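Engineer: Respectively, the protein sequence lines represent chains A and B.
Sequential numbering of the first sequence, starting at 157, is according to the numbering used here.
Sequential numbering of the second sequence, starting at 56, is according to the numbering used here.
Where hints are given, some of them may not hold.
Simulated restraints, written as ranges between beta carbons of each label pair [as the list claims (entries may be wrong)]: (1) B/Gly215 to A/Met218: 52 to 60 Å; (2) B/Gly215 to A/Leu235: 38 to 46 Å; (3) B/Glu103 to A/Leu199: 32 to 40 Å; (4) B/Gly201 to A/Val165: 35 to 43 Å; (5) B/Glu264 to A/Phe249: 43 to 51 Å; (6) A/Arg211 to B/Met233: 19 to 27 Å.
Pairs of lysine to aspartate or glutamate, EDC-like flavour, derived with a Cα cap of 20 Å [unchecked claim]: (7) A/Lys340 to B/Asp195; (8) B/Lys136 to A/Glu338; (9) B/Lys216 to B/Asp195.
Covered by chain B, according to a simulated footprint, are these stretches of chain A (three or more residues, beta-carbon under 8 Å) [unchecked claim]: (10) 233-247; (11) 250-256; (12) 327-339; (13) 349-355.
What the hints contain is simulated information worked out from the structure, not anything from laboratory work.
If you're wondering where the values come from, they're calculated on a predicted model, not measured in any experiment.
Ideal Cβ positions, reconstructed from N, Cα and C, are used throughout, including at glycine.
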Amino acid sequence: MSVLVEAVVTSVRLVLQGSEEFWNVIAVTFEVAIISTIVGVLLGTPMGFLMGATRFRGRRTMIALTNTGMAIPPVVIGLLVMMMLSRKGPLGFLGMLYTVNAMSVAQTFISTPMIAGLTAAAVASIPYKLRLQARSLGASPWQEALLVIKEARLGVVAAVAAGFGAVVRGVGAVMMVGGNIEGKTRVLTTAIVQESRKGEFGTSLAYGIILMTVTFGLNGLITWYQHSSERLGRV
Amino acid sequence: MLDLRLTPAFLRRATALFLVVMLAFSLAACGGQKAEAPDESPGEPVVETSEVILASTTSTEDSGLFGEIIPAFEEAYPQYKVSVVAVGTGQALEIGRNKDADVLLVHAKSDEEEFVAEGYGIERRDVMYNDFIIVGPESDPAGIKGETDAKKAFEAIANGKHLFVSRGDDSGTHKREMSVWKAAGIEPAGDWYNSIGQGMGDTLQFASESEGYTLTDRGTYLSMKGKLDLVIAVEGDPLLLNQYGVIVVTDANNLEGGQAFADWVVSPEAQDVIAKFGVAEFGEPLFVPNAK
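Throw the hints in and build the complete structure from the sequences for me.
Structural biologist: Here's what the structure looks like:
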């Protein structure tokens with residue numbers, strides 16, 4: 157119980173008189189999460205649309221691969237990206253291992269399948285008749301695609317939220333390719349691992365509370381958006 | 056009066072705005088630090104810094120030693136910025152083999168010598184030592200408290216099938232534990248032997264929670280002592296000496312920086328910093344400097 161109290165006090169203290177190191181951890185956490193979510197959206201939404209709304213050879217294989225991608229443990233993705241970026245690896249000339257960019261790359265491999273898979277499911281639920289109707293009214297394929305995405309937007313937003321959630325809570329991949337370097341690649345989750353390892357459960361939980369609070373705020377906004385869209389739709 | 060029909064649209068705009076602000080904030084926060092860094096010491100000439108990657112072990116990092124010696128090094132050599140990657144000794148050596156680190160500070164002497172003999176490292180030099188201790192619950196079910204022979208203590212634990220927690224992560228500490236078992240002629244296995252594959256801090260937590268014995272370096276134990284229900288059972292066996300060495304990685308990316316750190320850490324100045332570390336907090340030094 158005292159640990160919980162200590163955690164709440166510590167989290168408030170960290171936010172109020174946060175050191176440069178603390179704000180750096182926050183900044184790196186969200187830099188990695190936001191970049192990997194944006195790239196995940198750019199790659200995943202078109203992939204999801206193709207899988208959910210069109211028919212092509214290899215589509216089922218692609219769906220199976222995407223679903224597998226959603227289930228790969230982050231630490232395995234971290235290990236693969238680490239081996240690619242190692243100076244002995246094929247992309248070693250980039251000198252990117254143990255940088256924030258390496259973490260964003262690894263996390264993008266986590267966000268993309270998540271966003272693609274859930275977008276596919278959202279898009280597939282749009283009735284085909286609606287698309288036929290649009291086509292009969294003279295919609296171009298691009299307009300038709302836009303209409304489908306627009307109709308499925310609640311599901312697509314949920315997919316993006318899931319992608320963001322997966323990267324902001326992930327620890328395995330960022331630990332492997334970022335190295336948890338103080339002031340450089342340390343993020344909230346790796347800081348939590350380190351503080352617990354040292355037995356600093358209060359500080360560790362405080363980081364957890366901060367992570368949960370920010371994520372809760374973001375998801376609250378997204379839910380609000382979805383809810384307001386639903387209401388607008390009914391009017 | 057608020058027009059309620061406008062509210063959802065307003066909320067959507069607010070959400071979009073919030074996301075944009077979040078993005079701008081995080082980008083600014085990241086860009087800002089890079090821009091601000093040189094402003095910290097006005098008047099001094101701006102030095103171009105290069106990054107030195109130091110691969111070391113979690114136990115060394117968790118002791119807090121780097122918080123003392125790295126600022127001291129960066130003050131002496133402002134052209135270098137040290138990034139510590141703290142992993143197990145096995146992984147640290149592997150990172151060195153892949154040239155993903157410039158310099159290593161680890162504690163598994165025979166592996167380090169092999170590393171240098173294979174040409175991956177330039178030279179291995181002694182830096183400091185601390186010692187391993189066997190810790191266990193106050194109740195001491197194996198009756199080993201005060202024993203000075205680590206082999207006898209391990210025999211007593213194994214014979215009585217008392218709970219033992221092993222790092223099991225191929226770290227320097229784990230390797231030392233295995234060499235003590237080997238010296239005692241015991242193949243540890245069974246319900247009483249828990250190999251958990253985690254860091255020193257996790258292992259101490261586990262031992263404390265499960266009232267088991269474990270082998271730990273003194274530094275990590277002292278730094279966590281207040282949070283553990285564990286007492287020192289065995290200490291002072293020469294088998295338990297823990298020697299740290301520094302190795303510059305052959306053809307490292309930042310060879311000069313790695314070399315500078317290695318040369319500095321064995322210098323009298325750095326050795327003095329090491330000798331004083333921990334005295335104020337724990338009443339005794341955590342490491343004994345012994346560079347030649």
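Engineer: Give a verdict on every hint.
Structural biologist: Checked hints:
Roughly 58 Å separates the CB atoms of B/Gly215 and A/Met218, a value that falls within the hinted 52 to 60 Å. Between B/Gly215 and A/Leu235 the C-beta distance comes to about 40 Å, which sits within the given range of 38 to 46 Å. A beta carbon spacing of about 36 Å between B/Glu103 and A/Leu199 agrees with the range 32 to 40 Å that was offered as a hint. For B/Gly201 paired with A/Val165, a C-beta distance near 40 Å keeps the hint of 35 to 43 Å intact.
At about 46 Å, the CB distance of B/Glu264 to A/Phe249 agrees with the hint of 43 to 51 Å. In this structure, A/Arg211 and B/Met233 break the distance hint of 19 to 27 Å, their C-beta atoms being roughly 58 Å apart. Using a Cα cut-off of 20 Å, the hinted pair A/Lys340 and B/Asp195 is violated, with the two alpha carbons roughly 43 Å apart. Between the alpha carbons of B/Lys136 and A/Glu338 the distance comes to roughly 12 Å, so the proposed pair stays at or under 20 Å and holds.
In summary, the hint linking B/Lys216 to B/Asp195 is supported, as the alpha carbons are separated by about 13 Å, within the 20 Å threshold. With 4 residues having a Cβ less than 8 Å from any Cβ of chain B, the stretch 233-247 of chain A passes the three-residue criterion, so the hint holds. Counting residues of the stretch 250-256 of chain A whose CB falls under 8 Å from any CB of chain B gives 4; the rule of at least 3 is met. Under a criterion of three residues with beta carbons nearer than 8 Å to beta carbons of chain B, the stated coverage of the stretch 327-339 of chain A is upheld, 4 such residues being counted.
Counting residues of the stretch 349-355 of chain A whose C-beta lies closer than 8 Å to any C-beta of chain B gives 5; at least three are required, and the coverage claim holds.
Checked against the numbered hints above, the structure breaks hints 6, 7 and satisfies the rest.
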